[in-house]
Amino acid sequence: MDKENKIEVRNLNLWYGDKQALKNNSIKIRKNHVTAIIGPSGCGKSTFIRCLNRMNDLVEGVKITGEVSINNKNIYDKDVDVVSLRRRVGMVFQKPNPFPMTIFDNVAYGPRIHGIKDKKKLQEIVEKSLKDTTLWNEVSDRLDKSALDLSGGQMQRLCIARTIAVKPDVLLFDEPCSALDPVATGKIEDLIQELKKEYTIVIVTHNMQQAARVSDYTGYFLLGELIEFGKTKQLFENPKEKSTEDYITGRFG
Amino acid sequence: MGKRLNLENTIRGILLLFSTAALVILAIIVVFLFKEGLMLFQHTSVTDFLFGHKWIPAENIYGAFPFIVSTILVTLGALLISVPLGISCAVFLVEISPRWARELVRPAIELLAGIPSIIYGVFALIIVVDVLRVPFNLATGETILAASIILAIMILPIIISISQDSIDSVPRIYREGSYAMGATDWQTISKVVVPSARRGIIAGVILGCGRAIGETMAVVLVIGNVEKLPLSLLDSGETLTSAILLEMGEAVIGSLHYNALFCLGIIPFLIVLVLSMLSSRLITKRVSRFE
Ligand SMILES: Nc1ncnc2c1ncn2[C@@H]1O[C@H](COP(=O)(O)OP(=O)(O)OP(=O)(O)O)[C@@H](O)[C@H]1O
Ligand SMILES: [Mg+2]
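Which chain is which? The protein sequence lines are A and B, in order.
Sequential numbering of the first sequence, starting at 731, is according to my numbering.
Sequential numbering of the second sequence, starting at 1184, is according to my numbering.
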């Protein structure tokens, strides 16, 4: 059983300065499944997901205790190379953030910084990544145009393409659809279903239907604490905790 | 109600008056400069003026080529020094240095920008010129290079502060996107942050360049002021603006010499005009519709 857990979080605490944002959370994330993180605004969803690739290291004054093991290796150990960790654990952000360069250069950015120089190899990677994110047909004739001229939904898929171009094995999504319309959102959701065959996925979302649609497991956070975690179907249909039920039925607050 | 409206109208009127005044003054300067300057061409051809190697007012020979070349060399030299220095300094201040260092350096840079140029000139005359003379084994240290160095110091604050602002305003999400793919600090800075800020950086360089072309007082003290074609950065020279400064006193108003000096003034005027148009276009052009 344990082999199927890609990520194991044990007693994770996080402080911004002296304000505690995560309180003693433990969670196991299954390999090749989609795990959704839900909860009201400010409950620590982003903070939690950013612990999984140590993005919080970039924030000044952060203190973290506890353990996050990926492939049975604690990523907060002293000997861990953050750069190669982030390469294995990719992240897509709430706001589409393509770099102000061409579509091709955006997708080739990761492979290039990791040392791939061969033009043909880069082209292959770019094409495959764009195909995997269903963007290829829409942009194949304008790879040398600025990525900033794409639509919001296309930008977000480009960001996913850019992330998978470095071949991570975990993908973290922090509210990837909150800036998108329903059609673009549908495309990203389909994509996530497709991607979970190859990747372990954690997605933060505000949208309960989305969590129910795309995820296999769901965790509910409240005020920095993981209140409930379980199979998505069970958590939505038969929550154990009263506060989970209040939240998912919209009776919260 | 009515009173406030009146006040607003009055203020609006005053502001309008002042801003039109600025335009009118600009127009007068342009007309005056061109009217006096272009008279030269009744006597000397444009080609002779731009490419003539000799400048002998006593014989009414007005070839501005040595001045033009000096100006270009001095400016290029100054840019060569100040651009890499200024950009690295800005990158360091925004991305690497601790906050206290930033807070120490910012007012220092502002102060540097406020020092009158004659002070820079005197400093250069006393120190830079001497420092150059010995290692390069020169008869005099008053050279194009000395002028370039002092100009570089003078335009550094412009380049640093504008580059710093534009690097600072690169959205955090670009940096995060880069780090999230396993980029190092250096890769993120050199491949994402600086390229994203390039418009602003280029605008800063252009502004600095304009300042360098127009600067007179500091240059005139250290460049040697010989009216001959400089062949290297270690030659003495004389820039367009220093020629005007040095000769305007002796030129008889309305004489050909007087016209020729105005004509010299037209050249940096046009260059600076083009440069500032370029830089304001760069600054206002949209970067992304998501910002
Ligand atoms: N850089 C920071 N410095 C200080 N406090 C922070 C920082 N980032 C987040 N916080 C605080 O930590 C708590 C959790 O924030 P977080 O962004 O993780 O919430 P969230 O669940 O993602 O909210 P949302 O759904 O609105 O995105 C909030 O109270 C927030 O104010
Ligand atoms: Mg969030």
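In case anyone wonders, no lab produced these hints; they're calculated from the structure.
Don't take every hint at face value.
[To be verified] Below, a list of computed lysine-lysine pairs in the DSS-like style, where the Cα atoms sit at most 25 angstroms apart:
| hint | chain 1 | residue 1 | chain 2 | residue 2 |
| --- | --- | --- | --- | --- |
| 1 | B | 1374 | A | 858 |
| 2 | A | 875 | B | 1374 |
| 3 | A | 808 | A | 861 |
| 4 | A | 897 | B | 1411 |
Going down the list of hints, with the structure as the test:
{"no.": "1", "hint": "B:1374 x A:858", "verdict": "23 angstroms, holds"}
{"no.": "2", "hint": "A:875 x B:1374", "verdict": "18 angstroms, holds"}
{"no.": "3", "hint": "A:808 x A:861", "verdict": "38 angstroms, violated"}
{"no.": "4", "hint": "A:897 x B:1411", "verdict": "64 angstroms, violated"}
Going down the numbered hints, you'll see the structure goes against 3, 4, while the others check out.
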